[in-house]
Amino acid sequence: MKLAVVGKGGSGKTTTSSVIARTLARSGKAVVALDCDSNPNLGISLGVGDAETERLVSMRESLDEGDEEHAPTWETLLSRYGSDAPDGVRLAVVSRIENPDPG
Amino acid sequence: MRLAFVGKGGAGKSAISGTFARTLARQGDKVLAIDSDPLPGLAYSLGLAIDHTPPIPDDAVIERKEGEEGPRWRLNPDVDPFDAVERWSVEAPDGVRFLQFGKIKGDPRDLWRSQMAFRFVINKLPAGRWNVVGDLPGGTRQAFTGWGTWANTVLIVVEPTAKSLLSGRRLARMADLDPENPKRVMVVASKVREDGDVEMIAKGTGLEVIASVPWDEDLAEAERRQLAPIDFAPDCPAVRAVESLVERLSEETVST
Numbered sequence: 001m002k003l004a005v006v007g008k009g010g011s012g013k014t015t016t017s018s019v020i021a022r023t024l025a026r027s028g029k030a031v032v033a034l035d036c037d038s039n040p041n042l043g044i045s046l047g048v049g050d051a052e053t054e055r056l057v058s059m060r061e062s063l064d065e066g067d068e069e070h071a072p073t074w075e076t077l078l079s080r081y082g083s084d085a086p087d088g089v090r091l092a093v094v095s096r097i098e099n100p101d102p103g
Numbered sequence: 001m002r003l004a005f006v007g008k009g010g011a012g013k014s015a016i017s018g019t020f021a022r023t024l025a026r027q028g029d030k031v032l033a034i035d036s037d038p039l040p041g042l043a044y045s046l047g048l049a050i051d052h053t054p055p056i057p058d059d060a061v062i063e064r065k066e067g068e069e070g071p072r073w074r075l076n077p078d079v080d081p082f083d084a085v086e087r088w089s090v091e092a093p094d095g096v097r098f099l100q101f102g103k104i105k106g107d108p109r110d111l112w113r114s115q116m117a118f119r120f121v122i123n124k125l126p127a128g129r130w131n132v133v134g135d136l137p138g139g140t141r142q143a144f145t146g147w148g149t150w151a152n153t154v155l156i157v158v159e160p161t162a163k164s165l166l167s168g169r170r171l172a173r174m175a176d177l178d179p180e181n182p183k184r185v186m187v188v189a190s191k192v193r194e195d196g197d198v199e200m201i202a203k204g205t206g207l208e209v210i211a212s213v214p215w216d217e218d219l220a221e222a223e224r225r226q227l228a229p230i231d232f233a234p235d236c237p238a239v240r241a242v243e244s245l246v247e248r249l250s251e252e253t254v255s256t
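Chains as they are written, first to last, in this note's numbering: chain A, 1 to 103; chain B, 1 to 256.
Calculated cross-link-like contacts (lysine to aspartate or glutamate; reagent style EDC-like; alpha-carbon spacing at most 20 angstroms):
1) A/Lys8 <-> B/Glu221
2) B/Lys203 <-> A/Glu54
3) A/Lys8 <-> B/Asp107
4) B/Lys30 <-> B/Glu251
From the derived model, a few chain B residues whose C-beta atoms are all more than 12 angstroms from chain A:
5) Glu69
6) Val85
7) Asp94
8) Met186
9) Arg193
10) Glu199
11) Glu208
12) Ser212
13) Glu247
Far from chain A by the CB rule (all over 10 angstroms, computed), these chain B residues:
14) Asp110
15) Asp176
16) Ala202
Note that these hints are calculated values from the structure, not bench results. All C-beta atoms in this analysis are idealised placements derived from N, C-alpha and C, irrespective of residue type, glycine included.
Sequences are here, hints too, so could you generate the full structure?
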């Protein structure tokens, strides 16, 4: 399953996706939760707290700034730049905050 | 007054900025309300039944020719920003002029030039002729990356939730990243329900809370019915709170 949750701001995307991710994980599935929002908040709804959410964001930003090497594989990326959320969900932040593109 | 409302999606930016613009216009001030969200936004909260207005035409921006210096895109020198606002904005109730950048209907790429034109026109609009009230898209993507440079005051709309506070802190940080366009940054507390909410928002953002807009069922009902809060429930506590905010910021306005 590869599921993307989209919608207007404030409609409940983050909350919905976090509950889906944790529910799937509780049924024994291996779940990766990707925060693709340019204002990444999924960590809070998954339950890792805002300090850890911000840490993942700054890891993501240091990649763009060239302070960190890009991970060679998907697995390395998740292990190096991801974080363990409750119920065994693995969380990673995909987008960065300062992005000049419109919309 | 050049005021941008920013904040997490769903925090209440459109409802608050629409009410703000209408209230300011009722005082006799010349108000330009702008919406740079590619999704439906400010029009309904201003009291316009429309979603789509004609976008600024593509030829309002021109591309750098080969051998020329400077940025790749710029405003067509034939386009005067003040005239462009007059021409491409539409009239909203209370005499508010409303300008939005194109709303997505089909392929978003079709609107790209028109959206650039919108940005140039707003950034080059002469100071002092309009009070500009802007409703920016939710989140952090647009706020200070070229789309909010026109503003000299930024109001971050924050709800008493962890996600909204985190977004508020990020936006406050980003507002400081643009030393060439210094901005006064303050917070509007939104959907306030309990004692302690405002304090939580002040503490969580580290910023001055200049207004507190209470949770208000009338505001939610206005959104359901696609009506401007100021028309649907002019006396409801949330509208009253926005009116107080206008009063507080009014000494900076340009009177007509």
